[in-house]
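Colleague: Given only the sequences and the hints, what does the whole structure look like? Please build it.
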Amino acid sequence: MTETPSSLKKTPLNARHRALGARMVPFAGFDMPVEYSGVSDEHNAVRTCAGLFDVSHMGEIEIVGADALAAVQRISSNDASKLALGQAHYAALMTPQGTFVDDMLVYRLAADHFLLVVNASNIEKDFAWIREQVKPAGDAVAVNNSARYALLALQGPLAREVLQPLTGVDLAGMKYYWFATGEVAGVKTTVSRTGYTGEDGFEVFILPADAERVWDAILQAGAGAGVVPAGLGARDTLRLEASMRLYGNDIDETTTVLEADLGWIVGWKKDDFLGAAVLREQKANGVTRKIVGLEMIDRAIARHGYGVYEGDRAIGTVTSGTQTPFLKKSIGMAYVPIDRTEPGTEITIDVRGRRARARVVPLPFYKRPRS
Amino acid sequence: MYPADRKYTKDHEWVIIAGGEGKVGITDYAQKQLGDVVFLEFPDVGRQVKQGEVFGTIESVKAVSELFAPMSGTVTSVNTALTEKPETVNSDPHGAWMVVVKLSNPGEESELLNHEQYAGVAQ
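Chains as they are written, first to last, in my numbering: chain A, 1 to 371; chain B, 1001 to 1123.
Restraint-style ranges between C-beta atoms, simulated for each label pair:
(1) Asp1044(B) / Asp350(A): 19 to 29 angstroms
(2) Ala277(A) / Ala1081(B): 55 to 65 angstroms
(3) Thr181(A) / Ala1081(B): 48 to 58 angstroms
(4) Val1064(B) / Thr254(A): 19 to 29 angstroms
(5) Thr1083(B) / Gly307(A): 21 to 31 angstroms
(6) His1115(B) / Gln220(A): 33 to 43 angstroms
(7) Val1064(B) / Thr181(A): 40 to 50 angstroms
(8) Tyr309(A) / Val1064(B): 16 to 26 angstroms
(9) Thr1080(B) / Thr48(A): 24 to 34 angstroms
(10) Tyr176(A) / Pro1003(B): 48 to 58 angstroms
(11) Thr1083(B) / Thr181(A): 44 to 54 angstroms
(12) Gln164(A) / Asp1044(B): 51 to 61 angstroms
(13) His1115(B) / Val143(A): 51 to 61 angstroms
Facing chain B, according to a computed beta carbon distance under 7 angstroms, are these residues of chain A, among others:
(14) Gly233
(15) Thr237
(16) Ile301
(17) Thr322
(18) Gln323
In silico DSS-like cross-links for lysine-lysine, where the CA-CA straight-line distance does not exceed 27 angstroms:
(19) Lys1085(B) / Lys1032(B)
(20) Lys367(A) / Lys1062(B)
(21) Lys1062(B) / Lys290(A)
(22) Lys1032(B) / Lys9(A)
(23) Lys1050(B) / Lys1102(B)
(24) Lys1085(B) / Lys329(A)
(25) Lys328(A) / Lys1062(B)
(26) Lys1062(B) / Lys329(A)
(27) Lys1032(B) / Lys10(A)
(28) Lys1032(B) / Lys328(A)
(29) Lys269(A) / Lys135(A)
(30) Lys1062(B) / Lys9(A)
(31) Lys1085(B) / Lys328(A)
(32) Lys1062(B) / Lys10(A)
(33) Lys329(A) / Lys1032(B)
The hints are simulated quantities; they were obtained by calculation from the structure and are not laboratory data. The C-beta atom is built at its ideal place from N, Cα and C for all residues, glycine as well.
Modeller: Below is the structure:
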């Protein structure tokens, strides 16, 4: 067993991952499990049963104060005034250019208290940006509480029945993108019906000191049903099948929210927010390029950074791609000119010097069966 | 752990040498590092390969890697059944041969590792 390089941060579950024989990799400054039994096994377990992920590396930034709502409204693409207490939504953390500082989930903990869950790789950047941007909002302060939360994600069709016996929180009564506080395995938690896999599932916020207890309890409760620990590898293939964007791959500071085809996370009725002018202009006049789903026609796998071509002309870039374990298709996402975004359009991908044909397909690739 | 019937490269390929031909695959260590193999690309029969040169591609869910020829020669056979079931590389790495090469320079064998030497590399 290799030691964790000292420069890497550990989640509170590091010892558990090593004891389970996970393959560990550096990710966003953390020593993280990329797989336990294997990406395909874990991926298919989440689609057919459930998988438990340690996502404690994610960042938690809280905004508190009488003007907290105004502060969130300024930095977020979405309309936080629509959030009831106990409700969350997906949003972009905006640049003035209409692009992404990051993507995030915004939780309304109280009328004047919001929790932003952000990508691990962006915590420092986001926090610096948010602190700067909330100043004009008045009475609002941003706090980086990332080290004070451990976060578990139990994802899959059996997530609810595995978790319910461990908690008094009524999970069946919890709607998608709502959350509640309550005990899980005897410790204080916040449970939200959210996730990054395209399946039903829950994320559980806990104190770092309680992380092992809750992790063990869920795995034990789910063992008979086939619940397995799942790593970052499966998290990536699952989110791609569900066509959820990955920061740094599919979205970043050069892609606008509308180019990323995420118009549904823009609160168009809000007064003003960072990047609003750009997004309103693009909404009125249309974007020149947009993200699309693609499926390979030729036998090949498109990967992040591969060029998209039409004849000899470079027309775009692949942002994510893999051979997915559940659909068993070679899929990906790419930015292409707006006149090449129609499903059925044929494009070619430069796969390490060889041209391979692909076709534009509608997103998402995978949608879970509704029960 | 590593069969004694073949030779190995530091790049984690194996080659079984018999009758002037070499049968090539990748090691158990290599498949573990790659994770779930989902795609294989091999050269056409008749292609000349040089020792140490890229002769194909192997892709796991997460990443692309290159396959290096352990010895020089001409490709006489390609395991098309394996390209249809790439996961066999994970389940049976030392049985899952990829290509057979008619060796043009059998003396290259002396540059390869035996199973004990390779076991020292693969950790």
